[in-house]
Amino acid sequence: MLHTLSVKQMSEKLHAGEISSVELTQHYLDRISQFDPELNAYVTVTPELALEMAREADERLKNGSAGVLTGIPVAHKDIFCTDGVKTSCSSKMLDNFIAPYDAHVVALLKKAGMPILGKTNMDEFAMGSSSESSYYGPTKNPWDLNAVPGGSSGGAAAVIAANLAPMATGTDTGGSIRQPASFCGITGIKPTYGTVSRFGIIAYASSFDQAGPMTRSAEESAWMLNAMSAFDQRDSTCLEMERPDFAANLGDSLQGLKVGVPAEYFGDGLDPEVEKVVKDAIAEIEKLGATTVPVSLPNKDLAVPSYYVLAPAEASSNLSRYDGVRFGYRCENPADLQDLYKRSRAEGFGAEVKRRIMVGAYALSAGYYDAYYLKAQRLRRMVRDDFTNAFEQCDVIMGPVAPTPAFNIGEKTDDPTSMYLADLYTIPVNLGGFPGMSVPAGFANGRPVGLHIVGPYFSEAKLLNIGHQFQQVTDWHKQTPAQYQ
Amino acid sequence: MSIGKSEVEYISRLAMIDVADDEVEQVSAKLSKVLDLFAQMEAVNTDGVEPMAHPHEVTQRLRTDEVTETDQHEKLQAVAPATAQDMYLVPQVIE
Chain A
4 MLHTLSVKQM SEKLHAGEIS SVELTQHYLD RISQFDPELN AYVTVTPELA LEMAREADER
64 LKNGSAGVLT GIPVAHKDIF CTDGVKTSCS SKMLDNFIAP YDAHVVALLK KAGMPILGKT
124 NMDEFAMGSS SESSYYGPTK NPWDLNAVPG GSSGGAAAVI AANLAPMATG TDTGGSIRQP
184 ASFCGITGIK PTYGTVSRFG IIAYASSFDQ AGPMTRSAEE SAWMLNAMSA FDQRDSTCLE
244 MERPDFAANL GDSLQGLKVG VPAEYFGDGL DPEVEKVVKD AIAEIEKLGA TTVPVSLPNK
304 DLAVPSYYVL APAEASSNLS RYDGVRFGYR CENPADLQDL YKRSRAEGFG AEVKRRIMVG
364 AYALSAGYYD AYYLKAQRLR RMVRDDFTNA FEQCDVIMGP VAPTPAFNIG EKTDDPTSMY
424 LADLYTIPVN LGGFPGMSVP AGFANGRPVG LHIVGPYFSE AKLLNIGHQF QQVTDWHKQT
484 PAQYQ
Chain B
-5 MSIGKSEVEY ISRLAMIDVA DDEVEQVSAK LSKVLDLFAQ MEAVNTDGVE PMAHPHEVTQ
55 RLRTDEVTET DQHEKLQAVA PATAQDMYLV PQVIE
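So the protein lines, in turn, are chains A and B.
Take the first sequence: its position 206, counted from the start at 1, is 209 in the numbering used here, and no numbers get skipped.
Take the second sequence: its position 18, counted from the start at 1, is 12 in the numbering used here, and no numbers get skipped.
Be careful, since some hints might not be right.
As the list claims (entries may be wrong) - Per label pair, the in silico range of CB-to-CB distance:
#1 A:P301 to B:K69: 45 to 55 angstroms
#2 B:E36 to A:F234: 39 to 49 angstroms
#3 A:H30 to B:D80: 37 to 47 angstroms
#4 B:A14 to A:E55: 41 to 51 angstroms
#5 B:E36 to A:A338: 38 to 48 angstroms
#6 A:T295 to B:G(-2): 44 to 54 angstroms
#7 B:E36 to A:K279: 31 to 41 angstroms
#8 B:S26 to A:G413: 21 to 31 angstroms
#9 B:Q20 to A:G272: 23 to 33 angstroms
#10 A:P247 to B:V52: 11 to 21 angstroms
Stated by the list, open to error - In silico DSS-like pairs for lysine-lysine, Cα to Cα no more than 25 angstroms straight-line:
#11 B:K(-1) to B:K24
#12 A:K113 to B:K69
#13 A:K114 to A:K11
#14 A:K261 to A:K465
#15 A:K279 to A:K303
#16 A:K290 to A:K89
#17 A:K303 to B:K24
#18 A:K303 to A:K261
#19 B:K24 to A:K95
#20 A:K415 to B:K24
#21 A:K303 to A:K282
#22 B:K69 to A:K95
#23 B:K69 to A:K89
#24 B:K27 to A:K415
#25 A:K114 to B:K69
#26 A:K16 to A:K465
#27 A:K11 to A:K65
#28 A:K16 to A:K114
#29 A:K95 to A:K415
#30 A:K290 to A:K279
#31 A:K89 to A:K11
#32 A:K114 to A:K89
#33 A:K481 to A:K279
#34 A:K303 to B:K27
#35 A:K11 to A:K303
#36 A:K279 to A:K261
Claimed, not checked - Quick partial rundown of chain B residues pointing at chain A, CB under 8 angstroms, derived from the structure:
#37 I5
#38 K24
#39 Q34
#40 T40
Keep in mind the hints are simulated off the structure, nothing from the lab.
Don't be surprised by glycine CBs; every beta carbon is placed ideally from N, CA and C.
Input sequences plus hints: build the corresponding full structure.
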């Protein structure tokens, strides 16, 4: 029952020589064989690579060069390039793509000695809020196989919830770490934009994309963020600054913490059971010494239209590289170069990706640039300024991660805009580039609900401290669906 | 905002994505819904608000002008659909 141990317990046993990394890794590979066929949370499993890396980790554990995460297996979202391993971004376009290099995050976690179990399923090119748009079929939520796990890092959230990996990487462009973390009852943090290098992460919307850890607990997220965050010259938006020890302040008291509670986050459209879970969680934080203050985020509702102009605009540019020439899918018997481009893209991309590319191209086109793109950029500043003003009155903001618990598979696929509203509370945080976290806080209609904690720039350590203190007095993060215990 | 067949064709050209005739209606309906979402922005007064392109509003960092890349063309071209003599092969455009 190695999968029931916390990462801290695993690490202690590895360092004491009570278990080996090979044994631990094989245990997870066996569970993947047993349970993944029903969940579809992995798109690629890499047993040979995992065991080879586990053997190397065992050598390090013996010779004294091991760190806290050495020997702990990890699953990577299929958006991270992994040298020599298929990296598809869950798209037919990249179904045949073997990455020729490692993403910076992958390289750092390799350096930490974490064996790679495989690549997790996701919404195609990270465009979605349910992990249903994958070329390889939808991932199912371990808490209820009829429900989506959230998206786009739904596979990563599902593998943690079902104990098919102890740690996983995710990316968050409009909420893609926090929303699936909430839907699957795990802990996930999106750091401040620029904290983690985007080098080797397949680009969706470059001024929003940010990688982060997905784990069971805040403590584990802190350790993983320590390992995956470092300055990288190759990403020109990666911040050149000293990273703190994200785990150093986990034991700090919450006495005197000021929690901002925005009235706009508890209005129409919020499921009453979700509201109760979130308010109970905030009350629990108050018991730990925090006080709440009302704050206002008046432009919350402008965030979704703003995001759905800007992110597709960036996507239309980023995804122009998929033209069937140098790598990826190429259509059969193209008549000429134009036909090669247009048919390769039409046949290689799924419906949601094509829609966002077209929307983005339209928003950037002559005649619409000012009305859509520049307008959305102005709204982006207004949304960001709302947060900046609120943080003058409070240390962090708390509220719901999503308006509902996980919805059913197929429930929103016919209406793109209803799907977009699943990220109503998370998108504003990405517009500003702030750090945000989801911590398991209870259940609504039998499905998990997360507490959303958002802080000013570079407050990740504080968010993780709050999450850890909350997890000292609650056990929501320790709960596992019965069939995966 | 409802968009018609000619606009779908225009967007298809901009995006370099083929849209088959039997897909036009569905593509048009779904794009129209997304553009309806954008209409919410029109009512907001943004006079005097500076556009914000990036969360940190910093200037791009430049690296020193030194050659750092090594020749990896064999590794990089290994994933190409078609190559010959170290070049990518594409359909002939000019007869």
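> Are K69 of chain B and K95 of chain A close enough, with their CA atoms no more than 25 angstroms apart?
Replying inline: 22 angstroms, holds
>> Hint check: K27 of chain B vs K415 of chain A, CA-CA at most 25 angstroms. Holds or violated?
In response: Satisfied, since the Cα-Cα distance of roughly 14 angstroms is no more than 25 angstroms.
> For the pair supplied as a hint, K95 of chain A and K415 of chain A, is the alpha-carbon distance within the 25 angstroms limit?
Replying inline: The given pair, whose Cα atoms are some 22 angstroms apart, holds under the 25 angstroms limit.
>> Holds or violated: K279 of chain A and K303 of chain A, Cα atoms, limit 25 angstroms.
In response: The hint holds at about 21 angstroms.
>> Need the status of pair K290 of chain A, K279 of chain A: alpha-carbon distance at most 25 angstroms?
In response: 16 angstroms, holds
>> Taking the Cβ atom of E36 of chain B and the Cβ atom of K279 of chain A, is their distance within the range 31 to 41 angstroms?
In response: The hinted range 31 to 41 angstroms holds for E36 of chain B and K279 of chain A, with Cβ atoms some 36 angstroms apart.
> Given the proposed pairing of K16 of chain A with K465 of chain A, does the C-alpha separation stay at or below 25 angstroms?
Replying inline: With a Cα-Cα distance of about 29 angstroms, the restraint between K16 of chain A and K465 of chain A is violated, given a limit of 25 angstroms.
> Given the hinted pair K279 of chain A and K261 of chain A, is their alpha-carbon gap at most 25 angstroms?
Replying inline: 20 angstroms, holds
> Is K69 of chain B close enough to K89 of chain A, meaning Cα to Cα at most 25 angstroms?
Replying inline: Since the Cα atoms of K69 of chain B and K89 of chain A sit roughly 14 angstroms apart, the hinted pair holds (cutoff 25 angstroms).
>> Tell me if the straight-line CA distance from K303 of chain A to K27 of chain B falls inside 25 angstroms.
In response: 20 angstroms, holds
> Is it true that the C-beta distance of E36 of chain B to F234 of chain A lies inside 39 to 49 angstroms, as the hint says?
Replying inline: 41 angstroms, holds
> Within a Cα-Cα threshold of 25 angstroms, do K24 of chain B and K95 of chain A meet the stated pairing?
Replying inline: 22 angstroms, holds
Of the hints listed earlier, those the structure fails to meet are numbers 16, 26, 31 and 35, in rising order.
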